[in-house]
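Asks: Please work from the sequences and hints to get the whole structure.
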Amino acid sequence: MSRKFARTLLLLAPGAILIGFLFLFPLFGILKLSLFNPGFTTESFEKLATSAVAMLVMERTFVLALTVTALCVVTGYPIAYYLATSSPRWRTILVYLILLPFWTSILIRTYTWMVVLGREGLVNSVLQWTGLTDAPVQLLFTGLAVHLAMVQILMPIVIITCYSTMIEIDEGLIRAARTLGATPAQAFAKVFLPLSMPGVATGAAMCFILSLGFYITPALLGGRRNVMLSNLIDFEVHQTLNWSFASVLALVLLAATLVSLGLFRLVAPRRRDQG
Amino acid sequence: MTSMTLTRRTVAAAAFAAGFVALSAQAQTTIVINGSGGSLAQIITRIYEEPFTKETGIKVRSTAPVSLPKMKAMVESGNVEWDLTELGGDDIIQARKNGWLTPIDWNIVDPDKKLDPQWRMADGMVTATFSTVIAYRTDKFPEGKGPKNWADFWDVKQFPGPRSLQNSPVGNLEFALLADGVPKDKLYPIDVDRAFKKLDQLKPHVPVWWTTGAQHVQLLVDGEVVMTSVWNGRISPLRKEGKPVAISWGGGALQLSYWGIPKGAKHPTEAMRYMKGRLDPVKGMEFVSLVPYPGFIPGLIERLDPAVAQDLPTLPANVEAQFEFDAGWWAERRAALTERWNAWLLQ
Chain A
30 MSRKFARTLL LLAPGAILIG FLFLFPLFGI LKLSLFNPGF TTESFEKLAT SAVAMLVMER
90 TFVLALTVTA LCVVTGYPIA YYLATSSPRW RTILVYLILL PFWTSILIRT YTWMVVLGRE
150 GLVNSVLQWT GLTDAPVQLL FTGLAVHLAM VQILMPIVII TCYSTMIEID EGLIRAARTL
210 GATPAQAFAK VFLPLSMPGV ATGAAMCFIL SLGFYITPAL LGGRRNVMLS NLIDFEVHQT
270 LNWSFASVLA LVLLAATLVS LGLFRLVAPR RRDQG
Chain B
584 MTSMTLTRRT VAAAAFAAGF VALSAQAQTT IVINGSGGSL AQIITRIYEE PFTKETGIKV
644 RSTAPVSLPK MKAMVESGNV EWDLTELGGD DIIQARKNGW LTPIDWNIVD PDKKLDPQWR
704 MADGMVTATF STVIAYRTDK FPEGKGPKNW ADFWDVKQFP GPRSLQNSPV GNLEFALLAD
764 GVPKDKLYPI DVDRAFKKLD QLKPHVPVWW TTGAQHVQLL VDGEVVMTSV WNGRISPLRK
824 EGKPVAISWG GGALQLSYWG IPKGAKHPTE AMRYMKGRLD PVKGMEFVSL VPYPGFIPGL
884 IERLDPAVAQ DLPTLPANVE AQFEFDAGWW AERRAALTER WNAWLLQ
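Chains A and B supply the protein sequences, listed in that same order.
For what it's worth, this note's numbering labels the leading residue of the first sequence as 30, then goes sequentially.
For what it's worth, this note's numbering labels the leading residue of the second sequence as 584, then goes sequentially.
No lab work stands behind these hints: they were computed from the structure.
A couple of the hints might just be wrong.
[Stated by the list, open to error] Derived DSS-like pairs: lysine-lysine, alpha-carbon spacing no greater than 30 angstroms straight-line:
#  : chain 1 : residue 1 : chain 2 : residue 2
1  : B       : Lys866    : B       : Lys680
2  : A       : Lys61     : B       : Lys680
3  : B       : Lys637    : B       : Lys846
4  : B       : Lys786    : A       : Lys76
5  : B       : Lys642    : A       : Lys76
6  : B       : Lys859    : B       : Lys655
7  : B       : Lys697    : B       : Lys637
8  : B       : Lys767    : B       : Lys680
9  : B       : Lys740    : A       : Lys76
10 : A       : Lys61     : B       : Lys846
11 : A       : Lys76     : B       : Lys849
12 : B       : Lys723    : B       : Lys769
13 : B       : Lys769    : B       : Lys740
14 : B       : Lys846    : B       : Lys655
15 : B       : Lys866    : B       : Lys637
16 : B       : Lys642    : B       : Lys849
17 : B       : Lys846    : B       : Lys723
18 : A       : Lys61     : B       : Lys655
19 : B       : Lys653    : A       : Lys61
20 : B       : Lys696    : B       : Lys866
21 : B       : Lys637    : A       : Lys76
Model, not experiment: these values are computed from the prediction.
Replies: Next up, the structure:
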């Protein structure tokens with residue numbers, strides 16, 4: 030083999046071995062658990078097909094992930110656009126403001142939402158003080174709370190990915206469109222928007238995949254209906270001891286992630302090198 | 584040759600010192616005791632574990648929470664972390680059935696045979712009684728007019744406000760039947776369909792279903808709910824702090840809590856010595872005044888201050904108001920009913 034190939038192999042080896050042991054090896058363990066209980070059996074997969082609870086939970090997980098992703102993109106895109114088109118000094122400050130909560134622990138942020146949305150919490154206190162309501166509104170332990178928190182937690186990802194694509198868009202193209210007679214709205218819709226799509230696709234894909242696996246936020250902020258796939262896996266592992274079924278559910282989650290990644294690769298065109 | 588003799592002596596001294604260190608390191612055993620954690624664990628550490636370490640030199644590390652699945656995993660994998668663990672009523676039945684427990688040498692734990700034979704088992708010891716009862720906010724209801732029993736708990740007109748119950752059918756089915764008017768001696772075998780129907784009535788008024796001992800009291804203190812089912816001992820520390828909470832014994836479930844030593848535990852003998860320490864009535868008195876989970880420590884009830892005895896599930900007046908939880912009935916059916924419960928809760 031060529032020296033270059035050998036050297037590449039050598040450089041990749043430590044990382045590959047680490048991934049092999051820490052990821053692939055346990056993954057095979059889960060695969061084994063799903064099919065051997067302890068002898069070879071497909072009963073856990075059969076259970077997946079017949080379990081109403083599992084079906085309902087999977088459906089709700091996907092719907093939640095889709096809704097949260099849509100909300101993040103719709104609210105994050107304008108923010109990213111504003112960021113990309115503002116002055117460099119202002120831009121730095123804004124980026125830090127967006128990243129600061131992002132760097133805060135997810136657990137802290139989730140707990141803070143409990144304080145904000147609780148019956149004796151911030152929102153309810155303000156509502157009652159201004160006289161808009163005269164009794165506490167049930168905000169915590171609802172789907173609303175889960176959506177709010179998940180969007181707040183995931184939005185920075187969408188903003189930053191959209192932003193990084195947007196600043197690479199050549200302003201000259203917009204100017205060219207304007208000189209050719211396009212209104213600002215047309216220039217945006219026909220030139221800027223399509224060029225920013227790769228960033229949006231990346232952000233949406235990341236947001237969706239992360240939402241699928243969310244565990245703490247639905248567990249702490251959600252009501253009885255907001256049980257996600259990860260919560261169900263936790264339940265099967267800790268309460269019913271059905272590790273075989275838990276493994277099947279985990280494989281479903283993994284498959285969903287891989288499929289989402291695959292779809293994303295299909296939809297988002299590879300960025301061709303510019304000039 | 585002086586230098587060589589010195590060297591040999593130094594080496595010998597070093598070897599002796601190393602051996603001594605190794606020996607004393609061995610004497611520093613640590614036993615791991617698993618329990619329910621939280622404020623309860625802190626009190627146990629202060630009253631029992633620290634004196635035990637002072638007396639015997641054996642260190643104690645406490646862990647939480649109580650989890651039968653975890654014990655199963657430990658025993659089956661051969662990597663047993665716990666030397667002693669708390670277990671619930673149906674937990675110990677399952678553990679015994681599957682052979683996950685080490686037999687107890689009662690000559691170490693209770694050589695003077697002070698403990699009543701009904702609390703001594705081949706592989707477990709009854710350590711405490713506790714009750715699942717109603718707890719409520721005293722400031723949300725007029726003086727003395729809090730919910731007194733499960734019928735009140737279900738009555739959202741007279742006692743308005745959100746409630747919480749455990750996210751588990753265990754206990755809740757009994758409470759529903761009691762609320763529906765079933766007399767307590769006719770609770771078992773449980774009419775499951777009737778219980779679920781009754782629970783349907785309450786479902787819209789329960790925003791959150793608690794899962795841990797710390798959670799249900801937190802919900803009450805935060806004002807997220809005005810009443811909830813609780814484990815009786817968690818309320819006493821709060822009352823001492825002056826929080827506006829109280830419990831009602833009416834319809835409470837009187838339950839037993841056990842100890843078992845997992846099979847393959849690393850220090851079973853030291854664990855049994857600790858168990859013996861827990862039978863001390865003097866420490867027991869101090870413990871019970873802080874946390875009303877009385878064990879069946881011989882000579883305890885007689886020594887207690889009546890004000891303390893009032894809070895105990897085993898006080899005769901309190902026993903009258905409660906029902907005896909049947910762990911045996913649940914041991915067989917828990918898995919299937921939990922599945923039904925989950926499906927029901929998700930709708």
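Asks: Now tell me if each hint is right for this structure.
Replies: Results of checking the hints against the structure:
Pair hint lysine 866/B plus lysine 680/B does not hold up; C-alpha atoms about 33 angstroms apart against a cutoff of 30 angstroms. Only pairs whose Cα atoms come within 30 angstroms are accepted, and lysine 61/A paired with lysine 680/B is accepted, the gap being roughly 27 angstroms. Taking the CA atoms of lysine 637/B and lysine 846/B, the gap is near 27 angstroms; set against the 30 angstroms cutoff, the hint holds. The straight-line distance between the Cα atoms of lysine 786/B and lysine 76/A is roughly 27 angstroms, inside the 30 angstroms bound, and the hint therefore holds.
Among the hinted pairs, lysine 642/B with lysine 76/A is inconsistent with the structure: their alpha-carbon atoms are about 46 angstroms apart, more than 30 angstroms. Distance hint between lysine 859/B and lysine 655/B is fulfilled; the C-alpha atoms sit about 25 angstroms from each other, no more than 30 angstroms. Between lysine 697/B and lysine 637/B the CA atoms are separated by roughly 24 angstroms; this keeps the pair inside 30 angstroms, and the hint holds. Under the criterion of a C-alpha separation no larger than 30 angstroms, the hint pairing lysine 767/B with lysine 680/B is consistent with the structure, at around 29 angstroms.
Between lysine 740/B and lysine 76/A, the direct Cα distance comes to roughly 42 angstroms. Violation of the 30 angstroms bound is thereby established for this hinted pair. For the proposed pair lysine 61/A and lysine 846/B, the alpha carbon gap of about 26 angstroms is at most 30 angstroms, so the pair holds. Between lysine 76/A and lysine 849/B the alpha-carbon distance is near 38 angstroms, which puts this suggested pair outside the 30 angstroms criterion. For the proposed pair lysine 723/B and lysine 769/B, the alpha carbon gap of about 33 angstroms is over 30 angstroms, so the pair is violated.
Of the pairs offered as hints, the one joining lysine 769/B and lysine 740/B holds, with about 28 angstroms between alpha carbons and a cut-off of 30 angstroms not exceeded. The straight-line distance between the Cα atoms of lysine 846/B and lysine 655/B is roughly 10 angstroms, inside the 30 angstroms bound, and the hint therefore holds. Our distance criterion of 30 angstroms between C-alpha atoms is met by lysine 866/B and lysine 637/B, whose separation comes to about 15 angstroms. A C-alpha spacing of about 14 angstroms is found between lysine 642/B and lysine 849/B, which places the hinted pair at or below 30 angstroms, so the restraint holds.
A hinted pair counts as satisfied when its Cα atoms are at most 30 angstroms apart, and lysine 846/B with lysine 723/B does not qualify at roughly 49 angstroms. For a cut-off of 30 angstroms, the pair hint linking lysine 61/A to lysine 655/B stands: about 19 angstroms separates their Cα positions. As the CA atoms of lysine 653/B and lysine 61/A are separated by approximately 20 angstroms, the hinted pair is consistent with the 30 angstroms bound. Distance hint between lysine 696/B and lysine 866/B is fulfilled; the C-alpha atoms sit about 19 angstroms from each other, no more than 30 angstroms.
The hinted pair formed by lysine 637/B and lysine 76/A fails the criterion: a straight-line CA distance of about 53 angstroms is larger than 30 angstroms.
When held up to the earlier numbered hints, the structure conflicts with 1, 5, 9, 11, 12, 17 and 21 and fits the remainder.
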